[in-house]
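J.: Sequence:
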Amino acid sequence: MNQLIQEYKEHAQDWLANLHFSRAHKLALLSIGLIVLVASVGIVFRGHSQPVEIALPVPSIVVPLLVTVDVAGGVNAPGVYKLPISSRVIDAITAAGGVKKGGDVSDVNLARIIKDGEQIYVQPLMPIASAHITVKRSGPININRATISDFDSLPGVGPVIAARIFSYRKTNGPFMSVEDLQKVSGIGIAKFAQLKNQVSV
1 MNQLIQEYKE
11 HAQDWLANLH
21 FSRAHKLALL
31 SIGLIVLVAS
41 VGIVFRGHSQ
51 PVEIALPVPS
61 IVVPLLVTVD
71 VAGGVNAPGV
81 YKLPISSRVI
91 DAITAAGGVK
101 KGGDVSDVNL
111 ARIIKDGEQI
121 YVQPLMPIAS
131 AHITVKRSGP
141 ININRATISD
151 FDSLPGVGPV
161 IAARIFSYRK
171 TNGPFMSVED
181 LQKVSGIGIA
191 KFAQLKNQVS
201 V
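Just so you know, we're using the UniProt record's numbering here: the sequence shown kicks off at 1 and counts up by one.
The reader is advised that the hints may include incorrect statements.
As the list claims (entries may be wrong) - Below 30 Å or equal to it, Euclidean Cα-Cα: the simulated DSBU-like pairs (lysine-lysine) are:
{"id": "1", "residue 1": "Lys-196", "residue 2": "Lys-170"}
{"id": "2", "residue 1": "Lys-82", "residue 2": "Lys-115"}
{"id": "3", "residue 1": "Lys-170", "residue 2": "Lys-191"}
{"id": "4", "residue 1": "Lys-100", "residue 2": "Lys-82"}
{"id": "5", "residue 1": "Lys-115", "residue 2": "Lys-100"}
{"id": "6", "residue 1": "Lys-115", "residue 2": "Lys-101"}
{"id": "7", "residue 1": "Lys-82", "residue 2": "Lys-101"}
{"id": "8", "residue 1": "Lys-196", "residue 2": "Lys-183"}
{"id": "9", "residue 1": "Lys-170", "residue 2": "Lys-183"}
Simulated from the structure, these hints should not be mistaken for laboratory data.
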């Protein structure tokens, strides 16, 4: 490029020498010519240059992986929940509102990683089985007011004989004495001896 400029100057000086311009006019024409030459050469070189490709970073989108589980039993808010794939059983129970009062998680592995589609069951509060409690009576029961369950509580009297006593009284009216119990089928001398001190009229 420097060589082109030098050649331009030499030809321009010869050309300007033949023109009848003042020195100032000649310098102005020479400067304009140099500017045009430099601009033209720059355009030529730019046209032959290779385009530079700039790779822009593509933002990565992270989609969280979820699993769906059913939490049931003794929790405060049983239902279906979506949790991150690495969640554990304790996380699922927490999402369901935690364990209800009395809930039993002793047989649940709270540290286990949950699986998609599984059910997590927390054992709810189990009702205490009612035990047969014998109520100690303060005195003999009145056989004319007693219920079947009252008769059933007497020694030697089961539910069958208790029902017979109740049915006999309903059919024949109130007992006149405790000895009338012997008129009921199934109550003989031995059985009457067991309960005669436990009843009254």
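J.: For each hint given before, does the structure comply? Return the numbers of the non-compliant ones in rising order.
T.: Violated hints: none at all, because every hint is consistent with the structure.
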